[in-house]
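Chemist: Chain by chain, the residues:
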Amino acid sequence: MLRGLYTAASGMIAQQRRHDAVTNNIANLNTPGYKAMNSMTRAFPEMLVSAMGGDNVRSGPIGKINTGVFAEENRLSFGQGDLSETDRPQDLAIVSDILVDGAIFDASGKYVDENGNVIFQPQAFFTVQAADGERQYTRDGSFKTGLDGTLLTADGAPVLGVNGQPIVLNGSWEDISVGADGVLYSKALQEPLPGSPQLMITVVNDPNQLVRQGNGRFRYAGDPAGIRPLAADDRVQIRQGYLERSNVDAAQSMVDIMSALRAYEANQKVIQFYDSSLQKAVNEIGKI
Amino acid sequence: MNNSMIASAASISAIQRKLDMLADNVANINTVGYKRKTSTFGDLLTSLMPHETDFNLPGRATPPGYTQGWGVRLASMMLDMTQGTLQSTGNPNDVAIEGNALFQVRMPDGTDAYTRHGAFQLIALPSGDRQLVTDEGLAVLNRDGGDIIVPEGRNLTITPEGNLIAVGIEGTEPIELGQIQLVQVLKPELLRSVGDNLYGMDAGVNPDAVVQQLPVRPVGVSVRQGFTEQSNVNLADEMAELINVQRSYQLNARALASANEMLGMANNLRG
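Those protein sequences? They're chains P and X, same order as listed. In terms of the numbering used here, the numbers along the first sequence are unbroken and rise by one, the last being 299. In terms of the numbering used here, the numbers along the second sequence are unbroken and rise by one, the last being 1655.
Only chain P is shown next, with the shape it has when bound in the complex (with noise of 0.2 Å):
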């Protein structure tokens, strides 16, 4: 059997993925608080072609071959997106620039050493709490008040204070501001409210580790001690009045998007040469 036959077959589904991967983009390209996607591709494992038998040919190893393609993971890019202005008391922002000793970050948030060791750059997060209780994390700061007075994420999870409990409050959020670091203060007291209700923040020093849930959450899958409660000297704001947008780049996602489309065609040009090659040595060979 014709090997590439599968190769191909397995391009146009890799392309399928990337594809999918660039329309969630763009179907999210005024999510407040929402990462890009990239799908990143990996060949299948190579594998050594020995020849063999035959009193002509001489036996032994020939050479390494992929035979494939697969699509093998969804990576975020959580580059800081622009602010826009709400003016709503509730829609809260954050600005993060975390810095790590001796890493200088491109704007994917991408450090590589010397040594070829690859460093991501640390993020912040409001940190909410899901249906199950489980912890979770986002960007996406357009909040609302339950019924109750708990602050809530427009799909209705609780938003978590530094004491790990919801924030409730009964007032009107018109007379509340929100400081840099998450402390709500009143604006006619300009003064902590009591008990002095913080918004938790959570830096995930490894960003990647993190996998998108929907509604602009994300669950962390790593080890523990990977995340920690904001410091004072992370360089991480807090704004209130604008919303992050989304950090999708229109232009590339359409030139991702065509480009995949043609990666597919490619693709399926190939199969059809195969086919065409098949079509030979079923019906032409031998023929009289």
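Covered by chain X, per the in silico footprint, the following chain P stretches (three or more residues, Cβ under 8 Å):
1) 29-43
2) 97-106
3) 180-194
4) 220-229
5) 260-267
6) 279-286
Going by beta-carbon spacing under 7 Å, a handful of chain P positions derived as facing chain X:
7) Glu84
8) Arg86
9) Ser153
10) Thr156
11) Leu158
12) Tyr275
Short, incomplete list of chain X residues facing chain P, as computed with Cβ under 8 Å:
13) Ser1395
14) Tyr1450
15) Val1589
16) Met1649
Simulated from the structure, these hints should not be mistaken for laboratory data. Cβ atoms here follow ideal geometry from the backbone N, Cα and C, with glycine treated the same way.
Assemble the complex: chain P is given as a structure, and chain X must be docked to it using the hints.
Modeler: Coordinates of chain X only, in the frame set by chain P:
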């Protein structure tokens, strides 16, 4: 159907809803006391295709599993209660609120509703007295939840605190009619638009948790007689948003077309 097609189709309908909302705002640019609606998107459920642990190869940065997103939805729609500009009309029945407050009116079915639409009128009752109602004919309530009746031959004056005074011809003593009901909105996201520029609440929601009666001497709120509050829709903002949303609609439609082309290619594998 392939995943891209599902994701873009779902997103197109969400964006359509946002367009509808923007159209509603633009249509009400001249509606007295109209408060613009805002909405935010949220990404739809992400499913995780599990991976065997053998997939954890060197160079991989994320935990095992391949995530697949399914587009976007309109996560929430809210009212933007910011102040609209006041316009002088000279009509004593036009009342505008400056600050965070709403008038309370009684619906025909006896339930309460709230509004900033202060284009009121005085209708004559069979007794010769006149009652303060909205331009839709709904009774405007006083602080005690009763109707506001202006005795025959007198005109209504409203002080900045919302006190109602019936003033007669010179030489007669003004009559105090109490105070117009003003409520402060604590949780604007729980107010529902019930048409005619009125806001109500969902069944089962305790009104006290959403709105609160203002004190007799309100701070930061004043009532202006002879003014109407213009809509707080800013056409430039709405148009900018409209362009943005329309372009993302277009982009999603292109993703859909592209997904369709892929399906066509798969169908035509065998010429």
